[in-house]
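Residue numbers (the working numbering), protein chains in the order written: chain A, 1 to 116; chain B, 1 to 117.
No wet-lab data here; the hints were simulated from the structure. Accuracy of the hints is not assured; some may be wrong.
Which residues of chain B face chain A? A partial, calculated answer using Cβ under 7 angstroms [what the hints assert, rightly or not]:
hint: 1; residue: Y25
hint: 2; residue: E44
hint: 3; residue: L45
hint: 4; residue: R50
hint: 5; residue: F54
hint: 6; residue: F68
hint: 7; residue: G108
hint: 8; residue: K109
hint: 9; residue: G110
Simulated restraints on C-beta separations [to be verified]:
hint: 10; chain 1: A; residue 1: R59; chain 2: B; residue 2: T20; range: 20 to 26 angstroms
hint: 11; chain 1: A; residue 1: T20; chain 2: B; residue 2: E44; range: 18 to 24 angstroms
hint: 12; chain 1: B; residue 1: V14; chain 2: A; residue 2: N7; range: 38 to 44 angstroms
C-beta: ideal position from N, C-alpha, C; glycine also.
Residues per chain are reported as follows:
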Amino acid sequence: DTGVSQNPRHKITKRGQNVTFRCDPISEHNRLYWYRQTLGQGPEFLTYFQNEAQLEKSRLLSDRFSAERPKGSFSTLEIQRTEQGDSAMYLCASSPIVLQNTGELFFGEGSRLTVL
Amino acid sequence: AQKVTQAQTEISVVEKEDVTLDCVYETRDTTYYLFWYKQPPSGELVFLIRRNSFDEQNEISGRYSWNFQKSTSSFNFTITASQVVDSAVYFCALSEAIVNRDDKIIFGKGTRLHILP
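Could you build the full structure based on these sequences and the hints that come with them?
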């Protein structure tokens with residue numbers, strides 16, 4: 001399977017714990033995005049990388065959230081001191097650069113976080 | 001700031017009817033990209049189309065067609081002769097291209113489409 005891979009697919013944790021999600025993009029894609037989706041809403045942009053550089057972070061991304069993409073390959077999204085409001089589906093997507101601008105996003109199946 | 005509005009939260013039609021999903025966008029830039037994605041019940045978002053702001057030609061792909069009108073900032077999506085398998089949530093999205101760095105993709109809230117047998 002050469003698509004975008006995310007794990008774990010589902011994480012249940014207690015409030016206050018830290019969680020980390022991993023995303024493996026399609027190998028030749030320069031761009032990697034993290035989105036969050038709650039029930040009945042569209043994906044909300046969190047952050048994105050071009051290769052290893054984090055180019056933008058949404059104001060939604062509080063200081064409890066951190067994302068990395070070492071070596072420009074896989075990425076991790078860590079949430080520290082989780083809160084119940086963090087419960088959501090965390091989506092990763094990768095994209096090639098098309099004519100210096102964003103091509104289509106290829107999404108993974110998501111990592112669902114439930115904070116008890 | 002960029003914004004995508006999908007005013008129709010939920011639509012139900014009977015199979016074989018045509019249905020149009022509306023999308024209105026706001027952007028400060030003259031160069032931008034518009035997208036439609038489908039999210040079936042399985043959950044994974046599936047790319048349908050990408051259109052740049054310089055290309056106002058409408059596009060048809062099988063039963064799907066897209067009507068891009070810059071004058072009204074709309075990028076509507078029509079499914080002809082709908083089928084039950086078209087039931088999904090459909091998202092319209094926008095990416096500005098001010099400079100290479102500022103081109104995150106922003107999604108609308110989606111339209112849930114029910115095709116009734």
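Going through the hints against the structure:
{"no.": "1", "hint": "Y25", "in the structure": "violated, 13 angstroms"}
{"no.": "2", "hint": "E44", "in the structure": "holds, 5 angstroms"}
{"no.": "3", "hint": "L45", "in the structure": "holds, 4 angstroms"}
{"no.": "4", "hint": "R50", "in the structure": "holds, 5 angstroms"}
{"no.": "5", "hint": "F54", "in the structure": "violated, 11 angstroms"}
{"no.": "6", "hint": "F68", "in the structure": "violated, 16 angstroms"}
{"no.": "7", "hint": "G108", "in the structure": "holds, 5 angstroms"}
{"no.": "8", "hint": "K109", "in the structure": "holds, 5 angstroms"}
{"no.": "9", "hint": "G110", "in the structure": "holds, 5 angstroms"}
{"no.": "10", "hint": "A/R59 - B/T20: 20 to 26 angstroms", "in the structure": "violated, 34 angstroms"}
{"no.": "11", "hint": "A/T20 - B/E44: 18 to 24 angstroms", "in the structure": "holds, 22 angstroms"}
{"no.": "12", "hint": "B/V14 - A/N7: 38 to 44 angstroms", "in the structure": "holds, 40 angstroms"}
When the structure is compared with the earlier hints, violations turn up for hints 1, 5, 6 and 10 and for no others.
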